[in-house]
Amino acid sequence: MADARDAEIDDLINNLDRDYDFHPGGKDNAGYGRDQADNKQQDLQKLLNLWIAERTCPDILPYDEELISTLTDRLRAQVEFIEMTTTDPEAASQSKLKILLVESELERIKFLIRGYVRARMHKIDKYYLHLSTQDTDTKRKLSDAEQRFVLRRATQLKRFYDQRFLSSFPQALQRLDDNSPILPMVDTPDLNEFVFVRVLQDVPGEVVLSNDDSVDLQKGNIYVLPYKAIRKFLRVGEVELV
Amino acid sequence: MPTRYYNIDDILTDAQKIPAVFQIPVPGMGYLEHGRSESTDIKQGARLELPLWMAEPLAVSGESDNLPNGFVTVSPPAPFNSRVINALKANAINVDLRSQTMYFFRLGQRWVELTGDETLLDQILQAFTERAAIVNDYAYNTRSTALMTDNTEFMGKLDETEVKLFRAAHDASRQFKKWVSIKK
Amino acid sequence: MALPLKQIGTFLPSEISFLAENTSVSIVPRQALDVLELIGLNLPAMRPMRRVEVPLWVAIILKKQSRCNIIAPTWLSEDSLKAAYEAEASNMTRFSNKLPWEWIEVGELVLTSAPDDLACPPHIIRNLLRDIREIRQAKVRAGLKSLDPTYMQIDNVGAMELNEIRQFVTMTMNELRVLQNGRAEEEAEEEVEQYPGEDSDLEDTLETTEYSIPRDSSNFDDSLRSRSRSAAPLGERRPTSRAPAYEDDEGDEEEDLEMDESYLHTVKDNSSGQR
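Protein chains in written order, with the numbering used here: chain A, 1 to 242; chain B, 243 to 426; chain C, 427 to 701.
These are calculated hints, taken from the structure and not from any lab test.
Be aware that a few hints might be false.
[Said to hold, decoys possible] Quick look at which bits of chain C chain B covers, simulated, 3 or more residues with Cβ under 8 Å:
| # | region |
| --- | --- |
| 1 | 436-443 |
| 2 | 564-574 |
| 3 | 582-591 |
Since we're looking at a predicted model, the values are computed, not measured.
C-beta: ideal position from N, C-alpha, C; glycine also.
Chain A extracted, bound-state conformation (with noise of 0.2 Å):
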């Protein structure tokens, strides 16, 4: 666990002095070096790690900005230079490969960052209403164009519900947001659903299961274990899922 908080205070501190600038298709700029290029490599794989959690968390994810930001911005840094490569007259015979190289990365991030917020979207859509309603810890998790959707999308929904035939409800049947323990209205994220995940680091001590029953998380197993089992070293990194 320890060697999971060195990790990310690593993380935060390469993240403070991200801000290089970057040279898309050219030539690596000396002064950076092996730096940048573990950065980009470190982005991918987290963007990979993103979009895989994503499709297979059952609840939501907190939003990544940072990296999808960061990401987005290389994405634009590399259409240009496309583009500038594409109208040099001079361009060399390698340009061809070397278009043809950074257009298919291009695509391959693309096709990630659209998957990610796309599985997030499909979530959001799903549980529009408990992430609408919901403390700001929840809310926390989405990103400022998901919130203001998340809240559009209820009163919209709420004013059209009401509009086509709820309104004609008598008043005590015309609420959507009733949450009775035993049938509650509100669809949430069923936390004790199984996921399948692999041990980054071993886990300290059993982790108890219902039933008395426990499980030793050791580095590189895989097991198929309930979300709310694991989330919290998904969180710390000492699993991932897969």
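Chain A is fixed; fit chains B and C onto it per the hints.
Here is chains B and C on its own, set in the frame of chain A:
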């Protein structure tokens, strides 16, 4: 997990019939009994099949000194009679659950929740586990790409939960085959 | 629909394959290329005949244009695959650790994009991969016979294999868990456990209250109204905490418990076989 408000399977499970015996007369509700008119009463001791959503609250409420068993007493719905359960024990996969109820397992869960009948629960769990594995086998052995043409007879015995399992497994297998064939 | 139905709760094989294209492979370039800055990495400078490591998707593009040869990963050789097959065959209850996470996808991608770069005829590799897949599938199938509602362990499973059983496994286990909910009190407070080194933060506390299902009927008024999906009051009633009368109630509680435990044991003993 609470019943999900907008879930069609949960709603239809709620509509499954439960045999109930009224412990009290209920004026003006006689029409709930088949073929009787509105003006009649439900008599004390009347046997009625009530939908689960109605039977459940009536069964767990109304208890008092002169009414030790609550408003109604319930007995196991037909799908859980001993004939079906014994057949499941003998050869789980051959039992035509769908003809019993489309929601055998969901109803089973609700029934056990209501009655605390853990023996029945164990039998249901056992049957579900056994049948699920075979559902998976069938889903993978299907040759035709058109969904479920070869498996009509087998599919006809599955309850809704199992049909969903079959679809999931079948889709996964089909998608994989499709991917491999595109690659080649 | 924000997400197509086929992609809810699972991935398409093409998506799993897409992920595998990010693994790195060695290539021998046939032409020079300067360092190329991309978004997720900087491609190293390439010189003819000088081996470099690149992501598989780059290798496939270059190979298609005959600008490189792909050096198949060591595990994808005849000898290694034979060894892997032996290892798989020697233990029918667990997967061997001889194959990488993306073995199906990478195998397929290399075979289709660079069959001429392999050290032996591609059909030999293909047949070996198929044999391995079949023997591993048999293990998966055996494991699926004993799913239980607690957990499952499947070490060394491949990404594609996992994805193939993903929905079936999660749906079955979720269903078993829901069925288990009928087993009264025992699992009620599972969520309040403290994990080592973990503070229960605000979020968890909130969810605990949100998700706990009252087992006694003390707020029965509420339940009656909501169960019936209607707000119409049902006349006089009073809260009660006893179990409802059950006419054919002849269950012997102690026997039930015993049966329950032995059931769990059998499940544990051969559970998924891959512990």
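Consistency of the hints with the structure:
1. 436-443: holds (count 5)
2. 564-574: holds (count 6)
3. 582-591: holds (count 4)
Going through the hint list in order, the structure satisfies each hint without exception.
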